[in-house]
Each structure stands twice: as structure tokens, then as C-alpha cells.
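S.K.: Below, each chain spelled out in residue letters.
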Amino acid sequence: MTLRDKTRASRFFNGFNRIVRGNGNDQTNGSRPPVDGEAGGLAADVAEQPVQPQVRKTSTLNPSRPEHFDVIVVGAGPAGSAAALVAARAGLKVLLLERGEYPGSKNVSGAAFYGSALMHDLIPNWWEQAPVERSICRRMLSFMSPETSVSLDFRSTTYAEPPYNGFSILRPTFDRWFAAQAEAAGAFLLNAAVVDDVLWEDGRVIGVRVRREAGDICANVVIACDGANSFLAKKAGLQREFHTHEISLGVKEVIGLDEQTICERFQLTGDEGVAIEYLGAITDEVHGGGFLYTNRDSLSLGVIGQISSFVEHRQRPYELLERFKAHPSVAPLVRGGTLREYSAHIIPEAGWNMLPRLYTDGMLVAGDAAALCFVAGLYFEGINYAIQSGLAAGETAITAHRAGDFSAQTLAGYTALLRQRKVLTDFERYRHTPDFINSARLQNLYPAVIAHGAERLFRVDGRGKQKILPIAWETLRHFQVNPLHVLQDLYRAGRALGW
Amino acid sequence: MVRTTFEEKMRTPRFKVDDQPHIVVHAEVCHTCSVRACVYVCPANLFVPLDDGGILFNYEECFECGTCYIACNEEGAIEWSYPRGGYGVTFREA
Numbered sequence: 003m004t005l006r007d008k009t010r011a012s013r014f015f016n017g018f019n020r021i022v023r024g025n026g027n028d029q030t031n032g033s034r035p036p037v038d039g040e041a042g043g044l045a046a047d048v049a050e051q052p053v054q055p056q057v058r059k060t061s062t063l064n065p066s067r068p069e070h071f072d073v074i075v076v077g078a079g080p081a082g083s084a085a086a087l088v089a090a091r092a093g094l095k096v097l098l099l100e101r102g103e104y105p106g107s108k109n110v111s112g113a114a115f116y117g118s119a120l121m122h123d124l125i126p127n128w129w130e131q132a133p134v135e136r137s138i139c140r141r142m143l144s145f146m147s148p149e150t151s152v153s154l155d156f157r158s159t160t161y162a163e164p165p166y167n168g169f170s171i172l173r174p175t176f177d178r179w180f181a182a183q184a185e186a187a188g189a190f191l192l193n194a195a196v197v198d199d200v201l202w203e204d205g206r207v208i209g210v211r212v213r214r215e216a217g218d219i220c221a222n223v224v225i226a227c228d229g230a231n232s233f234l235a236k237k238a239g240l241q242r243e244f245h246t247h248e249i250s251l252g253v254k255e256v257i258g259l260d261e262q263t264i265c266e267r268f269q270l271t272g273d274e275g276v277a278i279e280y281l282g283a284i285t286d287e288v289h290g291g292g293f294l295y296t297n298r299d300s301l302s303l304g305v306i307g308q309i310s311s312f313v314e315h316r317q318r319p320y321e322l323l324e325r326f327k328a329h330p331s332v333a334p335l336v337r338g339g340t341l342r343e344y345s346a347h348i349i350p351e352a353g354w355n356m357l358p359r360l361y362t363d364g365m366l367v368a369g370d371a372a373a374l375c376f377v378a379g380l381y382f383e384g385i386n387y388a389i390q391s392g393l394a395a396g397e398t399a400i401t402a403h404r405a406g407d408f409s410a411q412t413l414a415g416y417t418a419l420l421r422q423r424k425v426l427t428d429f430e431r432y433r434h435t436p437d438f439i440n441s442a443r444l445q446n447l448y449p450a451v452i453a454h455g456a457e458r459l460f461r462v463d464g465r466g467k468q469k470i471l472p473i474a475w476e477t478l479r480h481f482q483v484n485p486l487h488v489l490q491d492l493y494r495a496g497r498a499l500g501w
Numbered sequence: 037m038v039r040t041t042f043e044e045k046m047r048t049p050r051f052k053v054d055d056q057p058h059i060v061v062h063a064e065v066c067h068t069c070s071v072r073a074c075v076y077v078c079p080a081n082l083f084v085p086l087d088d089g090g091i092l093f094n095y096e097e098c099f100e101c102g103t104c105y106i107a108c109n110e111e112g113a114i115e116w117s118y119p120r121g122g123y124g125v126t127f128r129e130a
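As you go down the protein sequences, you meet chains A and B in turn. Everything in the first sequence is counted per the numbering used here, starting at 3 for the first residue and increasing by one. Everything in the second sequence is counted per the numbering used here, starting at 37 for the first residue and increasing by one.
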């Protein structure tokens with residue numbers, strides 16, 4: 003971006019902010035995020051922004067000739083910031099719009115971020131400057147019955163070495179840091195800007211409508227990274243309405259616990275962290291699971307359930323969360339902690355089967371907005387795919403910019419980049435997995451079968467020892483499992499995760 | 037064990053309330069609805085069934101997750117958009 007462009011863009015902001023904020027204070031940048039503890043929002047910004055003496059014309063907001071950007075990115079989550087960062091680095095004039103007070107303020111996930119190597123390519127040794135919690139060196143998968151749990155426990159010291167396998171993060175701090183990197187690369191970040199619609203001209207997207215006076219802003223390419231609900235993808239006709247079985251609701255608590263207790267309780271050294279996923283009785287009949295991640299001095303834990311099964315079984319998510327914390331194998335882990343924050347968010351879980359059309363003339367969709375959440379039993383990932391897709395979208399915008407052609411034909415290169423970055427290939431390869439993971443028997447029956455079988459296997463009661471097969475047979479009979487169903491499910495498990 | 041009540045949970049996020057509700061419920065649909073999905077799925081318990089068959093709702097402590105309108109898709113009683121920029125929920129730890 004040239005200096006002239008920069009001046010023009012900042013003039014645009016000045017006019018824009020003046021109208022929005024209803025005061026005459028001129029500012030060089032409307033995107034300063036409020037610091038922690040500050041009463042944020044527009045009113046606070048108005049109160050705290052220093053009055054600067056420069057006087058600039060407001061005529062840059064001429065409604066007949068709206069301000070024009072090369073790229074508008076809607077949503078400053080991981081996908082949006084990645085797209086804005088890469089496009090800004092290439093010298094494009096980028097506007098990054100965020101509806102919250104600051105990036106991350108509306109964002110919730112577990113959160114485990116398994117994209118460290120990817121981020122390292124983008125920002126070398128990023129972990130030295132970013133707000134990360136713990137490097138995840140231990141993964142556990144637990145199958146639960148009401149009284150028991152059977153776990154797969156994996157740990158590796160190699161995951162604790164750069165570039166690391168993954169980190170636990172807190173989204174409000176992580177997303178804010180990442181958006182600041184996009185800003186540092188030259189993107190303009192505008193907070194507190196909710197986008198209501200895309201603008202059309204001759205059948206192609208030419209900009210967005212921000213819910214403000216004179217809020218129409220034009221760009222050659224709009225990249226919708228507006229999250230799981232993505233009203234933009236729907237308004238552009240790229241995504242359909244969702245079914246209740248495709249979307250899960252996660253409710254979560256961050257529970258404060260001192261650092262030393264966390265290390266001792268979870269057998270961790272220094273900055274090491276653990277990510278535990280739970281399947282089975284903890285969500286009762288609701289199809290879903292639980293999670294627990296260690297942060298530096300807190301735990302992030304929650305339950306996730308298909309919306310359809312919350313409705314079907316008349317369960318309330320926060321009551322399920324309380325039952326999860328009370329489970330005999332979870333309660334000792336959270337003991338003595340204090341609640342810091344309760345939050346909730348939806349997760350597009352159906353993977354390949356709910357991907358939208360990813361582009362149209364003048365527009366691309368990335369991240370959760372493109373339903374790129376990878377929920378596959380062994381994997382619970384989304385932030386890495388969000389960043390990959392954001393980068394692919396940003397790169398596509400750069401190619402289009404250089405060609406001076408923003409038609410769907412040029413933007414179709416996005417899908418090739420998504421394959422090159424292994425996003426679409428992963429989702430296609432695991433296209434049968436979400437259905438399998440959310441099937442009734444896997445959710446409600448088999449975790450109990452495994453737990454019951456293990457309970458028999460390890461019990462010593464003087465009745466003599468059985469070998470594994472008789473115990474398995476007896477357990478299956480106890481739960482009245484149809485052996486044909488087991489065979490069928492073994493095949494489905496294989497298709498989902500095996501081959 | 038860290039048992040917390042619903043009220044304790046709801047005290048933790050910060051809400052900056054917009055004077056314009058971002059959720060509109062078409063009550064006439066609710067009177068004929070037997071599913072009442074919104075009552076169960078909302079993580080902030082913002083929908084309360086009334087004796088007369090209607091639904092009482094509150095948009096002020098909304099997490100903006102969208103679960104209610106997705107759950108109500110078939111019935112179509114809930115009109116939902118985001119609150120004005122800078123308003124609504126702000127998470128600091130999530």
C-alpha cells in the first residue's frame with residue numbers, strides 16, 4: 003500500500019468514525035482496542051480518545067462515491083486476521099471489520115490451537131510473542147459411564163519442542179494479538195462494526211453494508227470470515243439454512259486454579275499442557291462430548307451437544323455442564339477452582355456435508371463461515387483450518403488483484419489453494435466421520451460397554467479370572483447389543499477413521 | 037468440586053445492552069408450537085414459557101450464539117441478527 007493510499011484510508015476512517023461516534027474528534031485510527039478492564043465500546047472510546055487538533059475534510063465519505071478497498075475482510079477471528087495479514091503484506095489495501103469491541107471479544111472455543119507450525123511459517127517463533135497458555139504435550143480420550151472412565155492417554159516430549167504441536171489459548175487475548183499482526187502488516191482494523199449485508203452490482207458482490215449511517219463500503223473482494231452463523235454466506239446465497247443435527251452447541255467455563263496445582267494435578271512440567279476429550283455418559287443421552295484443557299493458571303472445560311439432541315431429550319446445556327463437573331473422574335480435576343467466565347458458542351460439525359459454495363463473483367468464504375470445523379472423534383480442530391482457509395482466501399484475493407479480475411472464474415483458484423493447503427482434502431477424506439461420531443450407539447452405548455467391560459476386567463472378587471473374549475461377550479449381552487450392529491459399526495468406524 | 041449456579045455463571049461475562057433488541061419473537065407462532073426448543077437449548081436461559089402458551093424472552097444477556105433461531109428454524113418464530121457493533125456480550129477469557 004502506498005503512503006497516499008494509507009493517508010486516504012485513514013481519512014476515510016476519520017470521517018467514518020466521526021459519523022458513527024457523533025463527535026468531532028479526529029483520529030488517526032479508529033481501531034484501537036480497549037485495554038483489559040477498560041469499559042470498552044463506542045461510548046468509552048469517545049470519552050477516552052484524545053482530541054486531536056488536525057482538521058480534515060469529511061468529504062471522503064461522499065455517498066455517491068463510497069470509499070474503496072482492495073479487500074474487505076468481515077470478522078477478525080483467526081480466518082479473517084490470516085486473510086487480512088497475507089493480503090496486507092502483499093501491499094493490498096485491506097479493511098478488517100470486527101463487530102465486537104475488540105477482536106476475540108465475541109469468540110469462544112475450547113480452545114486448543116493445533117496450528118503452531120503453520121503460524122510459525124507466517125510469524126517465525128510466534129509463540130515467543132503471542133499470548134499462549136500451555137503447549138499441549140499430553141492428549142487424552144476418555145470413555146465414560148456414570149461411575150467409570152476408560153482413557154487413552156498419550157504424551158510426547160517431542161510436542162514440547164519448537165515449533166510445538168499445539169497450544170491451549172484464550173480466544174479474547176489470542177485473537178486480539180493475531181488481529182494486531184494483521185494491523186502491523188498494514189490492514190485497517192475497524193472494531194464495533196457489524197456487517198448486515200453484501201452489496202451487489204450487476205450480479206457480483208462489490209462491498210458490504212455496515213450497520214451505520216453511510217455504512218456502505220466497497221471492495222474488489224469481500225472475504226466473509228463472519229463465523230459459524232455466517233449471515234453473509236447466507237445472504238450471498240452461498241450457504242443454506244442449517245439443520246439442527248449439523249450444529250452443536252458448546253457451553254464452557256474457565257475455572258481459575260493456581261499454576262502449581264495444575265502442574266501437580268495433571269502431571270505437567272513447566273509450560274506443558276494437557277487436552278482431554280470425553281465421550282459417553284457425561285452428556286447423558288445428548289450426542290456430544292466434553293473437554294478439559296489446561297491453561298497457565300486456569301482450566302477451560304465444557305460440554306458440546308448436537309442442538310437436535312438437546313431439544314429431543316429436553317436437556318439444558320448448563321445443567322449438563324454441571325453434571326460433567328460432578329463426574330467422579332472430572333470433579334477431582336476441578337476441585338478448589340473458582341469460576342472466571344461462562345460462555346457459549348455454536349460449532350458447525352457436519353464437515354464436508356455442510357460446506358457452502360466457497361466463492362462467487364467478488365466474494366470468498368473462510369473459517370467457521372465456511373463450516374471448516376473438523377470434528378472427527380480423534381480430532382477437534384477448527385482454528386488451524388480457519389487460518390489455512392483465511393490464508394488461501396487472502397492469496398486468492400492477491401492473485402485476483404494482480405490479474406485485475408475478480409470474477410468467480412478467477413476466485414475459483416481458492417478451492418485449488420484449499421486443496422494444496424490440505425483443507426478440502428482433510429474434510430473430504432473424513433466426510434463419513436461426523437455422522438459416525440454423532441451416531442446413537444457410539445454416543446450412548448459403546449462408551450458404557452467399554453467402561454463396563456473394563457470394570458469387569460480389572461475387578462478382583464475371588465470368582466476366578468475370565469479372559470478378554472468371554473468378558474467382551476458377556477458385556478455385549480449385558481447391554482443387549484446386537485452383534486450385527488457391532489459388525490456394522492466396526493465397518494463404519496473403519497470407514498470413518500481407519501481407511 | 038466447583039459447583040456454580042446458573043446465576044453465578046451469568047454474572048461472569050460482560051453485557052453492554054443495546055436499546056434495540058436483536059432478537060424478535062413472533063409470539064403467534066409460539067402459541068401453536070409444541071416443541072418449545074428455545075426454552076431448552078438457550079445457554080443463557082433467555083426464553084421462558086408462559087401459561088398462556090406464549091414465550092417470554094429477554095435479549096439483554098444473550099451470548100449471540102444463534103442456537104435459538106437454528107433450533108426454531110422449522111417453526112420460524114425467531115428473527116435474529118447481531119446486536120449493533122460494540123454492543124452485546126464481551127468475553128474476556130473464553
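These aren't lab readings, by the way, just hints derived from the structure by calculation. Possibly wrong hints are sitting among the right ones.
As the list claims (entries may be wrong) - Now the in silico label distances, taken between C-beta atoms and shown as ranges: (1) B:T68 x A:T271: 21 to 29 angstroms; (2) B:R47 x A:I470: 46 to 54 angstroms; (3) A:H122 x B:E115: 39 to 47 angstroms; (4) B:D87 x A:E215: 37 to 45 angstroms; (5) A:P330 x B:S70: 51 to 59 angstroms.
What the hints assert, rightly or not - If you only want the chain B side, here are some residues facing chain A, beta carbon under 10 angstroms, derived: (6) T68; (7) S117; (8) R120; (9) V125.
By construction, the Cβ of each residue, glycine as well, lies at the ideal position given by its N, Cα and C atoms.
S.K.: State for each hint whether it applies.
M.R.: Structure-based check of each hint:
Between B:T68 and A:T271 the beta carbon distance is about 60 angstroms. The supplied range of 21 to 29 angstroms is therefore violated. Checked against the hint of 46 to 54 angstroms, the C-beta distance between B:R47 and A:I470 comes to roughly 50 angstroms, which is consistent with it. The hint said 39 to 47 angstroms for the Cβ distance between A:H122 and B:E115, and at roughly 44 angstroms that hint holds. A beta carbon spacing of about 43 angstroms between B:D87 and A:E215 agrees with the range 37 to 45 angstroms that was offered as a hint.
For the hinted restraint 51 to 59 angstroms between A:P330 and B:S70, the CB-CB distance of approximately 37 angstroms leaves it violated. A cut of 10 angstroms between beta carbons decides the hint on B:T68: the least distance to chain A is about 17 angstroms, and the hint is violated. With 10 angstroms as the threshold, the beta carbon of B:S117 comes within range of chain A, its nearest partner Cβ sitting at about 7 angstroms, so the hint holds. About 6 angstroms separates the beta-carbon of B:R120 from the nearest beta-carbon of chain A, less than 10 angstroms, and the hint is met.
This hint holds: B:V125 has a C-beta 7 angstroms from the nearest C-beta of chain A, less than the 10 angstroms allowed.
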